[in-house]
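K.L.:
Hey, can you piece these two chains together into the complex? The hints should help.
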Amino acid sequence: MAYDKFTVLKSTAVPMPIENVDTDQIIPARFLKATERKGFGDNLFRDWRFENDGTPKKDFVLNNPIYSGKILVGGKNFGSGSSREHAAWAIYDYGFRCVVSSFFADIFKNNSLNIGILPVQVSEAFLDKIFKAIEANPKTELEVNLPEQKITIVGDGASESFDINGYKKNNMMNGYDDIDFLQSLKSDIQTLATKSIY
Amino acid sequence: MSKTPAALFDKVWDSHVVKHIDDGPDVLFIDRHFIHEVTSPVAFLGLESRGLKVMFPEKTFATADHNTPTINQHLPVQDPLSANQLKALESNSAKYGISHWGLGNPKNGIVHVVGPENGITLPGMTIVCGDSHTSTHGAFGAIAFGIGTSEVEMVLSSQCIMQPRPKKMRINVNGKLGKGIVPKDVVLYIISKLTAAGATGYFVEFAGDVFENMTMEGRMTVCNMSIEMGARGGMVAPDETTFNYIKGREKAPKGEAWDKAVAYWKTLKSDEGAFFDKEYNFDAADIEPMITYGTNPGMGIGITKKIPSAEQIGSGKASFDKSLAYMDFHEADNMIGKKVDYVFIGSCTNGRIEDFRAFASIVKGRKKADHVTAWIVPGSHIVEAQIKEEGILDILTEAGFQLRQPGCSACLAMNDDKIPAGKYAVSTSNRNFEGRQGPGARTMLASPLVAAAAAVTGFVTDPRELI
Ligand code: SF4
Chain E
1 MAYDKFTVLK
11 STAVPMPIEN
21 VDTDQIIPAR
31 FLKATERKGF
41 GDNLFRDWRF
51 ENDGTPKKDF
61 VLNNPIYSGK
71 ILVGGKNFGS
81 GSSREHAAWA
91 IYDYGFRCVV
101 SSFFADIFKN
111 NSLNIGILPV
121 QVSEAFLDKI
131 FKAIEANPKT
141 ELEVNLPEQK
151 ITIVGDGASE
161 SFDINGYKKN
171 NMMNGYDDID
181 FLQSLKSDIQ
191 TLATKSIY
Chain P
1001 MSKTPAALFD
1011 KVWDSHVVKH
1021 IDDGPDVLFI
1031 DRHFIHEVTS
1041 PVAFLGLESR
1051 GLKVMFPEKT
1061 FATADHNTPT
1071 INQHLPVQDP
1081 LSANQLKALE
1091 SNSAKYGISH
1101 WGLGNPKNGI
1111 VHVVGPENGI
1121 TLPGMTIVCG
1131 DSHTSTHGAF
1141 GAIAFGIGTS
1151 EVEMVLSSQC
1161 IMQPRPKKMR
1171 INVNGKLGKG
1181 IVPKDVVLYI
1191 ISKLTAAGAT
1201 GYFVEFAGDV
1211 FENMTMEGRM
1221 TVCNMSIEMG
1231 ARGGMVAPDE
1241 TTFNYIKGRE
1251 KAPKGEAWDK
1261 AVAYWKTLKS
1271 DEGAFFDKEY
1281 NFDAADIEPM
1291 ITYGTNPGMG
1301 IGITKKIPSA
1311 EQIGSGKASF
1321 DKSLAYMDFH
1331 EADNMIGKKV
1341 DYVFIGSCTN
1351 GRIEDFRAFA
1361 SIVKGRKKAD
1371 HVTAWIVPGS
1381 HIVEAQIKEE
1391 GILDILTEAG
1401 FQLRQPGCSA
1411 CLAMNDDKIP
1421 AGKYAVSTSN
1431 RNFEGRQGPG
1441 ARTMLASPLV
1451 AAAAAVTGFV
1461 TDPRELI
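Line order of the protein sequences matches chains E and P. Per this note's numbering, residue 1 is the first one in the first sequence, and the count goes up by one each step. Per this note's numbering, residue 1001 is the first one in the second sequence, and the count goes up by one each step.
Calculated from the structure, these hints are not laboratory results. None of the hints are false.
Derived lysine-lysine pairs resembling DSS-like cross-links, with alpha carbons at most 25 Å apart:
#1 E:K76 x P:K1317
#2 E:K195 x P:K1059
#3 P:K1059 x E:K186
#4 E:K58 x P:K1322
#5 P:K1269 x E:K195
#6 E:K186 x P:K1019
#7 P:K1107 x E:K33
#8 E:K186 x P:K1095
Chain P with its partners taken away, still in its complex shape (with noise of 0.2 Å):
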């Protein structure tokens, strides 16, 4: 008797399904469990009060991000508040006995950096954090999301949490990407398509051409953005790119333990004929660079277009209406040539070493616009270490750009790094909402290259004429 087929989704979710609850959630086990200053205080507070302890404190792995300063990590945090959040963290990890990776270490950053440069993602896994962008780790084949506070002291108290099953979404990508079209194009395309609710409710796996040929990087940086269509995740099938990607970091399976986790990876992908609640085709051909234009990640369009009107979107005009007077743009805008304050490279979903080969393939040879800000920060340690082994910061440093330390800096500027009012952010971060990245600030989504091309023109440019 032949079996259902099934989807990769759904081999790694029964497989960690401690008990099904009729008419209620699935109590589903965790492989593995990250935890940063924010969100974790009050679960470690909750803990306390119930006299719990962490059941299995080798599955939860700490580092400090969210609100460290870019700049002089060696000194005292000066901000109070952050100062305490981190010395929570520290001293929380030490009293539970839960590995911590604080300012200073050499393995510290950005945590969805760290965890799979690190070795501690790993395909098939189960993998949560107070953070929404913790969909990052399913380029790995791993059923990864993010989780509220109290769902933190249930992992630390249980290593479970309970969630209702999401229903699958499968999302083809074919065909060959552009000259100067990067994952981070990809993914604002999908989601312009989608829109910023589009997937909401459903765990979202990327298949096709184009994620087959992707870096783990990519996979990375598209996964990192399933949340922003509302999904709960998104995954990628292992393949031979993710086991070389992973063979040999520090914390991956070694001899016989590699070999057999490998023969158990390679079954971790969709049968044929696996059930889908939708599905989804695009071709790669229709992608451009992209850029945003509005207050969410939906709101984006191939940089040589222009600003739609509410009606051709399909969103409620008074929103529409709303985020376009905060972004002072209008319909019919070319968004070429409008003028730029700032530009950010970096976040979990930009800050990755490949991401900075690429904006210093177009920096090489020119100079950083004079009116322009530019925040390089690298999203870990390591990458801050590759960046000058690699020669990206001499070419940096000729074209009038510094590079700060790692750190989730202006993605949402907790720090120092905040955006002004009314200044305009070209970002290779993930979310444009109304002050994100600073109480007031503009911010439009893109990928390393359109940074990269604002931050030396000074202006909306489509990368291709610098390439």
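For reference, chain E alone in the conformation it holds in the complex (with noise of 0.2 Å):
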């Protein structure tokens, strides 16, 4: 599915200080039921934003319309858990672009990349820096250049670079995905297949 080009995002923050989201947080299974994919935005975070009934959690930083922004920050180990895309599609459904942690978990990482969002990992210590700016100045904002690999928190002017392999870069800053690519490895993969004992 095509996404939008990634280059570089200047926005607000929303700050999650929490760790190991998982997740059966960011969408609980229950939402899982669809055949396609489509508001899954509404039910982000369902079971700490919402009460049984409906009704919004005040403390749930979601709910406070203090915060907002394309780029949620979040605690260390974020997305571990299972593997559905889905938690990666409520977030982009929902308005987020980036996502921002001192470590994620590998599929979820993967799917976010797939999908469009751009994982930044940070260290601790510049995590530790944004969620303080974003306490202090809650409309403090963070720029993510991809182009450079380099998140900076805006006004305070401190900033640090992150990681990312060269093909998905690429396929960020065009909106590519990867099935094309594969489609054009046909042959390739043809003759591997026709070696194969399986």
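P.N.:
Now the structure itself:
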């Protein structure tokens, strides 16, 4: 599925300083019953965000109007658990384009990159700095510069570089996905398949 | 000239690389692809919108499990959304020529139980599924891991996915396990030592006496949970135990093909001196029956121990406190004696025949505790049939338990099997995340023996006292 190209994103951010945010929190299993990729944002963090009767929980950050933006900043080991891409869809559908953390679970990271969310992994110290900056001023903006692989706390000026492999970077910057690329390798794939004993 | 020693992982991975992209992932050929109703529909929509076909339909296998009810499976599925997903799996499979074991099919069951059971899973393969516990199949010496829906679409359309090569870790457990210590305890122990993120970025090989002496079903339990320490997957080198398990299963190679396959499979082990980025060694004698007290699988302790503090396990205080508050547990609490409302035995972690044998070994001659609700859910119809044949059902019935029909059930509570808010469950599944078994449900992960001890006493109990 095509997604928006990603180059430089400057935005305020939503802070969620919780470790081990797992995919069951991001989107609980009971909301995985759709057969189309639509509307998952409504149930993003469903059980942290709403009471059983659907009233918003006041103390949850997504319900706090002073925080908004296209960047979600999470604690260590973000996205652990299930392989459900629905978790990444929910984050994208809600309006986030970038998640920042000091550590990502593998499958979540892959899924994000595949659908156009940029996972930015920073040091623990820098993550802490971001949380502090947002706490001091919820209007703090972050600038995520993909071509330069750099994240900056705007105003404060502190910045850090982040890793991404060249192939994925190119995909993100151009909104490409892997399926088209794989189609171009059909004959190599066929060759390997012919040799396989399985 | 001698060749560089290779690890089991390298041998399997390298033989499947279609193309290596500089500063990018490897294009990896996939031998087996499992699909189920939840993570495949959007992938099929994607295929359709691009006008692509399934490249090798005979390499993909579909089974319905995540959503399926565990009673009255002969009746139409009540929940319209679940029914819709099941229908989509069936019609997509039919349309693209994929073999489909839906509800009512005698081969139906949880994807990671039916694959091995029918000889679809073999050593040396690359195996993927839109489900993180695909790591289960690593027990056969396969590279097996969970993928997202975009990747499901890639496999359908090109039989490949694009993966950065993970780092390698080896975990050795040597020595002899004590009485009442089963594979689930071994893996919960390892995760408690490494933490829930300790193996992120790695593919794990489990080695040492303990795994060499383990049955295939035990190895599956261990590899199943390798994802719970963050690993992409885990694997065990195939050996005679593996070959004996596979031989004669429906889709296993036969005759000459079998001999050829076994000859190849025998080469699938880590060479002496193979490189690992990280290696851990544990002693079997240190392992007790395990139970979790928190909201990630790394928060586990020996059942006779007290709940530790955040500092003791090196966790962030705020997250640790949040976790204990959710469970309504406290530092220094004893786990033994905690009241249990629900017991769940099943899932792709512990839903195989050996698990029900273990459960029955404790339940036999005892009665279910009055206040406990127990859900006993076989991993597949084949397991269900074995339970009946071996007389386990009689033992269960006599003790006041009922057997349900196969499926994922309370492992992820997508169907009606939800633990009510605030209630405590001892569960043989793999995740104790907040709300995993139903909104507000409180899960303690443990082995089938610990589950059985809880089911008959109504409290967290050391199973060694009942053996
Ligand atoms: S039993 Fe649980 S972990 Fe296993 S496939 Fe089903 S939902 Fe996933």
